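Undergrad: What follows is each chain in one-letter form.
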Amino acid sequence: MTGRLVVVGHGPAAHRLVDALRERDSADRWQITVVGEETRTAYDRVALTSYLTEGADLGYPAHDESVTVRTGERVTAIDRAARTVTTDAGEALPYDALVLATGSVPFVPPVPGAEHAFVYRTIEDLDALRVAAGSGDLTMSRPRAGVVVGGGLLGLEAARALQGLDMDTHVVEVAPWLMPRQLDEGGGAMLRRHIEALGMSVHTGVGLERVEPGAVRLAGDVVLDADVVVFSAGIRPRDDLARAAGLAVGQRGGIVVDDTCRTDDPHVFAIGECALIGGMVYGLVGPCFTMAEVVADRLLDGEARFTGADLSTQLKLMGVDVASFGDPSADALDVIYTDPVAGIYKRLVVSDDAQTLLGGVLVGDASSYPTLRAYVGAKLPGTPEQALFGGTEAAGAALPESTIICSCNNVTAGTIRCAIAEDELTDVPAVKACTKAGTGCGSCVPLVKKIFDAELTAAGIEVSKALCEHFDHSRAELFDIIRVRGVTTFSQLITEHGRGRGCDICKPAVASILASLGNGHILDGEQAGLQDTNDRFLANMQKNGTYSVVPRIPGGEITPERLIVIGEVAQEFGLYTKITGGQRIDLFGARVEQLPQIWKRLIDAGFESGHAYGKALRTVKSCVGSTWCRYGVQDSVGLAIRLELRYRGLRAPHKIKSAVSGCARECAEAQSKDFGIIATEKGWNLYVAGNGGMRPRHADLFAGDLDEETLVRYIDRFLMFYIRTADRLQRTASWLESLDGGLDYLREVVIEDSLGICDELDAAMERHVAGYSDEWRAILDDPEKMRRFVSFVNAPETPDPSIAFEPERDQIKPVTVEVTP
Amino acid sequence: MTEICEAPAPAGTGTLTATRWTPVCDYDDLQPERGVCALVDGRQVAIFRTYDGDLYALSSHDPFSGANVLAWGIVGSRGGMPTVASPMYKQVFDLTTGRCLDDPTVSVPTFRIRRIGGRVEVAAS
Ligand code: SRM
Ligand SMILES: Cc1cc2nc3c(=O)[nH]c(=O)nc-3n(C[C@H](O)[C@H](O)[C@H](O)COP(=O)(O)OP(=O)(O)OC[C@H]3O[C@@H](n4cnc5c(N)ncnc54)[C@H](O)[C@@H]3O)c2cc1C
Ligand code: SF4
Ligand code: FES
Chain E
1 MTGRLVVVGH GPAAHRLVDA LRERDSADRW QITVVGEETR TAYDRVALTS YLTEGADLGY
61 PAHDESVTVR TGERVTAIDR AARTVTTDAG EALPYDALVL ATGSVPFVPP VPGAEHAFVY
121 RTIEDLDALR VAAGSGDLTM SRPRAGVVVG GGLLGLEAAR ALQGLDMDTH VVEVAPWLMP
181 RQLDEGGGAM LRRHIEALGM SVHTGVGLER VEPGAVRLAG DVVLDADVVV FSAGIRPRDD
241 LARAAGLAVG QRGGIVVDDT CRTDDPHVFA IGECALIGGM VYGLVGPCFT MAEVVADRLL
301 DGEARFTGAD LSTQLKLMGV DVASFGDPSA DALDVIYTDP VAGIYKRLVV SDDAQTLLGG
361 VLVGDASSYP TLRAYVGAKL PGTPEQALFG GTEAAGAALP ESTIICSCNN VTAGTIRCAI
421 AEDELTDVPA VKACTKAGTG CGSCVPLVKK IFDAELTAAG IEVSKALCEH FDHSRAELFD
481 IIRVRGVTTF SQLITEHGRG RGCDICKPAV ASILASLGNG HILDGEQAGL QDTNDRFLAN
541 MQKNGTYSVV PRIPGGEITP ERLIVIGEVA QEFGLYTKIT GGQRIDLFGA RVEQLPQIWK
601 RLIDAGFESG HAYGKALRTV KSCVGSTWCR YGVQDSVGLA IRLELRYRGL RAPHKIKSAV
661 SGCARECAEA QSKDFGIIAT EKGWNLYVAG NGGMRPRHAD LFAGDLDEET LVRYIDRFLM
721 FYIRTADRLQ RTASWLESLD GGLDYLREVV IEDSLGICDE LDAAMERHVA GYSDEWRAIL
781 DDPEKMRRFV SFVNAPETPD PSIAFEPERD QIKPVTVEVT P
Chain V
822 MTEICEAPAP AGTGTLTATR WTPVCDYDDL QPERGVCALV DGRQVAIFRT YDGDLYALSS
882 HDPFSGANVL AWGIVGSRGG MPTVASPMYK QVFDLTTGRC LDDPTVSVPT FRIRRIGGRV
942 EVAAS
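Protein sequences, first through last, are from chains E and V. Be aware that the first sequence starts at 1, since it is given in this note's numbering, and climbs by one per residue. Be aware that the second sequence starts at 822, since it is given in this note's numbering, and climbs by one per residue.
Okay, chain E solo, but in the shape it has when bound (with noise of 0.2 Å):
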């Protein structure tokens, strides 16, 4: 038997129902018609701005052929008795079963003059304000203005997105605080700054009391310019239909249904932002889909029921990291961490004995949300000082099994790992195609990765583990063979231990660990074939071909005599110098067969290698110190200078950088340095695993107050310990959040030895630094090498002809090439 069914309404809701019922709904039981006022069919609301940011294509795909959806229609009466409804079109829809979706619109506050306001709702909406913004006056002598008059999370994306239009932009919330739904007295005071340093003006505990044509009047007689005025203040669910239909409505709103979605007449549903249930309405899209699907299956005769829905959000704007997650108002256990300088506020809400997490916010460090809003009502690992502190990024094996990991699509940890073992998804795109996870906010892909790199892990398929087509190892297991076997050539570990000849992947791969173990220099024998790019002519390529030169500079420390011989074979070779961000100077535009004539006049006036080519060691950054400083309390550029000198030269999986801070107020920014020092009144604090770069991350206090020696000794043997057993590739940071037991373990092993390997870690780091000579200078003391430093093997005086500069700020710059594959 075929039933009709109506829905009402075509937001992200009514679209849900109608996909997931036509998924399961395999007999074609149901035949669907869709009636949206919109123009258009639905789209994805939440992502809102960025059609007005970047004219994004917002629209769900299309319904299959078999569901009718009739836009430009509303409808406007429901028969209850006949089962029909009314359209303005005129038309009366019967139906055997009727889904209400009506969603929400926004509040508009009764003050004289609101209907001159616009709201953020629709793409309509949005086009209207779009051509409002752009109109007017240009003469004008002042910017045009803005006011939206909301601090929520709506309000603040508009704001932003009227910034965006190149408006003066000014959010008047009338609660004392920004957010007031999510955040607490601290977090707002925080999100303020961050919204003020964004150039927006906030104007918070004032209420709104007319808008003026031009302006708008705030209570206490303040003024404010507006060319445009938008309302966020909120919205109201669209239970018209229903309460003229004698359904039940809540006193605020929402029509009333039980937690199967339904009314109290059994044939007629509700679902999304318009639906009240177990007291509550709504206003995020994740519980929207969660009745969605309880309705499509109760439509299939399913027992699904509605059980309450994750509340946690995240704002979208750009610059700014706010999130909040479970009920960070819960009454319980308070951990705050505020960093006025920084701009962080992160609060967790725990139970009494502080093991179950409930809730929280964060501003201006968003990082950990996805993990931390996973933890939701469960036990948490660590303490929530560890939490807070990232000390949760746990693999994710460690999720149970009910976490909810997506809440924007409702999905599992365990619908995730089943998935994964049924379908045998092998990439993460395939498990948000499958499973949904992902594909709203997105906010939830890390945490979905790292299930996936679990599950793999323990079903023991070798994915990610295998270096390249040539090895079956991880390069740890490399490290190990040639370590423990004393392999000395690549030739003789792929014949022995892998297969083909190699490729750009494992054999800068050995050649970086052979070189990590001591096998003389990178240019030796076989090992010059195995160099990566700039390891090749120990010089960094530019897009054009040509290298640069980067001399080292311990600590940033220089005379001024070498300083004058930088410029000096700058300008006799012609080169652009620059400044670098790692306190040193960067000479660009070499060629091949210049760079040996260059580092002689280098290494003539006492300079080295500065290694800015190799995954090594780079620089230890420092502040000026206690020597000159009037904070310094110890000699910061001495450390450096000694830190510099004991790890130059020393090869790693990735190249590893530092820093050292003669006092607290961190001038070297220590805490974004794989290891970064910071001098305290009694010795030094050392930091571990920080990166800068692609994905940020602050270092973790490794051991405070340490002696210099017992300094060192810890960081040989950090390095050490990171040298055998990163990935190829790996910063500190990223191995740091890999490492089986985190911080404590890295702890164990370093000062207590838990492994006993640390006489061997002492012992790899004394022969790298007994063994230490520079790269350069052996190579202009060996004729054979130097006689590969040319462009050409049958003309070895000849430049490269296709190599051209021209003028730029009084220096040379490379000649744009065509390029045309």
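No wet-lab data here; the hints were simulated from the structure.
Partner residues are not named here, just some residues of chain E that face chain V (Cβ under 8 Å, in silico):
# : residue
1 : Glu469
2 : Lys543
3 : Val793
Since we're looking at a predicted model, the values are computed, not measured. By construction, the Cβ of each residue, glycine as well, lies at the ideal position given by its N, Cα and C atoms.
Given chain E, work out where chain V with the ligands should sit, using these hints.
TA: Below, chain V with the ligands alone, put in the same frame as chain E:
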């Protein structure tokens, strides 16, 4: 492929093409799996000696960056085929055909190369 000596032109039939071979270096100058670049008739030719001793010559012009750097790439193999990876953005090229294995729409010219006694010669035209 290595041509140890030139095949004799078949007598009587077919077309005879004249090839100008340019000597570029000694065979022993070439380290296995470490390319060099030669300037031949104004063209920059990347020359590789593989581990087995075979010789290959391709244009050193990297079509993805526009720089003449393919000679400085890492030599290896993919699925048994000898390859070089561009040092600039790491696309891999088949040494036998010049085809880019990461983007089949792209390829670089290959040249004939041979070993005559201790010398290596390239035909760039
Ligand atoms: C020259 C310099 C920029 C500048 O003019 O300031 C620079 C230039 C390059 N950086 Fe850098 N980085 C430079 C400081 C930095 C810094 C800042 C610092 O060290 O204090 C960072 C962020 C800090 C960090 O690494 O944690 C930085 C993060 C990166 C990254 C991202 C690393 C990451 O973990 O995400 C790469 C890419 C990579 O290594 O894979 C990169 C790669 C590169 C390369 C090597 C790209 C390449 O493969 O050729 C650039 C080489 C240019 C050249 O040929 O000389 N560069 N790079 C800086 C050299 C410092 C030095 O004296 O050695
Ligand atoms: C700018 C913005 C950003 C947002 N960001 C997030 C976010 O980051 N995370 C999050 O979880 N949520 C976010 N939301 C909220 C999310 O968009 C809503 O929860 C979701 O759209 C609710 O879906 P719905 O289908 O219930 O209602 P709606 O999306 O409101 O859809 C209802 C549809 O029904 C139509 N309709 C109403 N009455 C009738 C009628 N009588 N006849 C015919 N058609 C009718 C309406 O025109 C509308 O198209 C955001 C919302 C906005 C506006
Ligand atoms: S930031 Fe990018 S462009 Fe700038 S130097 Fe580093 S790698 Fe090059
Ligand atoms: S939580 Fe938004 S996509 Fe998963």
